[in-house]
Amino acid sequence: MSLDFFVSHYNYWVVIFLMMVGFYILISRGNLIKKIVGLNVFQTSVFMLYISMGKITGGTPPILVGDGHGGEAMEHVVYSNPLPHVLILTAIVVGIATTSVGLALAVRIKEAYGTLEEDEINRIEALVEASE
Amino acid sequence: MSIVVDIVLLTLLAVAGIALLRIRNLFAVVMLAGIYSLLSAGLFTVMDAVDVAFTEAAVGAGISTVLFLGALALAGHHENRPGHTPLLPLIVVSVTGLALVYGTIDMPGFGGADNPVHHHVADHYLEESPNEIDIPNVVTAVLASYRGYDTWGEVTVVFAAAVGVMLLLMGGRRSRAAAGDHGQAGADGQADGAGHR
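Chains X and B are the protein sequences, given in the same order.
Residue 1 is where the first sequence starts when you use this note's numbering, and the numbers rise one by one after that.
Residue 1 is where the second sequence starts when you use this note's numbering, and the numbers rise one by one after that.
Among the hints, a few may not be true.
What the hints assert, rightly or not - What follows is a list of derived Cβ distance ranges for each label pair:
1. B:H119 to X:V46: 18 to 26 Å
2. B:N80 to X:V65: 17 to 25 Å
3. B:M107 to X:N122: 22 to 30 Å
To be verified - Short, incomplete list of chain X residues facing chain B, as computed with Cβ under 7 Å:
4. I16
5. L18
6. K35
7. S100
8. E118
9. I121
No lab work stands behind these hints, which were simulated from the structure alone.
Every residue gets a Cβ at the ideal spot worked out from N, C-alpha and C, and that includes glycine.
Looking at chain X on its own, in the form it has when it is part of the complex (with noise of 0.2 Å):
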């Protein structure tokens, strides 16, 4: 395997080394915010996959140099895909919609449990189960 190969490749593994570690996170761990954290960090891994597949080397921000109309100014420029960005701009507004109603969820479900570990509200459940 190539320094080239790595090189070019290194961006992709760890975006997915992240992606496991907050999708581990979020199956082993039982507290309900911590999950969510996990969460987030598979989310932000998402982004990085696409910011990383819009990139050029050599390119610029996607901003017009000079009036945008062409011109001598505008041949010799190389500009990073614009498109990954916008929907990544979406979608951390919409990571940041879901992180709330989650987070709700957690304070409800401590204020009727009185806990956020998952195993405890189980427990709770099935004594009330069993109660019945």
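Fit chain B to the supplied structure of chain X, relying on the hints for placement.
This is chain B only, laid out in the frame that chain X set:
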């Protein structure tokens, strides 16, 4: 040079991710999540996504940290040690991760100018948006005009989320006030009455 910054930031992110996994004080976890967001904002800047970087810094490191702190203030910040063995999650995560890494082997390299992703509508946006929209920032032009429906949908989602949060938090208060009314009719009667109105 920017590839070095890129690799350093990605490595720091991986370290922050592991720390997030291991720390059990949720207050520290939330602060670390803010640092994680800020690092990713730096990474977005290196990868030319300046609009995404400042949105992530404002929303990810700012608003989301505040929301988490608010939730911790209401719900407490201690996490129990996980009771069961994490063997099954570890296997699931490893298998999924390996499958995804296998998938990346065929992906075009990072930063290539002739990667397929750059050659559909992206060319059109870069070449025609000065004539069609006349805004220098192409991201703004695409966000507000070409893909305006996306942004409209996003606003709808934010509105739905705000309604959901308000219903969850306020609905809880009302039903608890009703329960209190039922249980202790005397002293708390006045306060519960205010809750019902």
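Comparing the hints with the structure gives:
{"no.": "1", "hint": "B:H119 to X:V46: 18 to 26 Å", "verdict": "22 Å, holds"}
{"no.": "2", "hint": "B:N80 to X:V65: 17 to 25 Å", "verdict": "55 Å, violated"}
{"no.": "3", "hint": "B:M107 to X:N122: 22 to 30 Å", "verdict": "41 Å, violated"}
{"no.": "4", "hint": "I16", "verdict": "5 Å, holds"}
{"no.": "5", "hint": "L18", "verdict": "5 Å, holds"}
{"no.": "6", "hint": "K35", "verdict": "10 Å, violated"}
{"no.": "7", "hint": "S100", "verdict": "5 Å, holds"}
{"no.": "8", "hint": "E118", "verdict": "9 Å, violated"}
{"no.": "9", "hint": "I121", "verdict": "12 Å, violated"}
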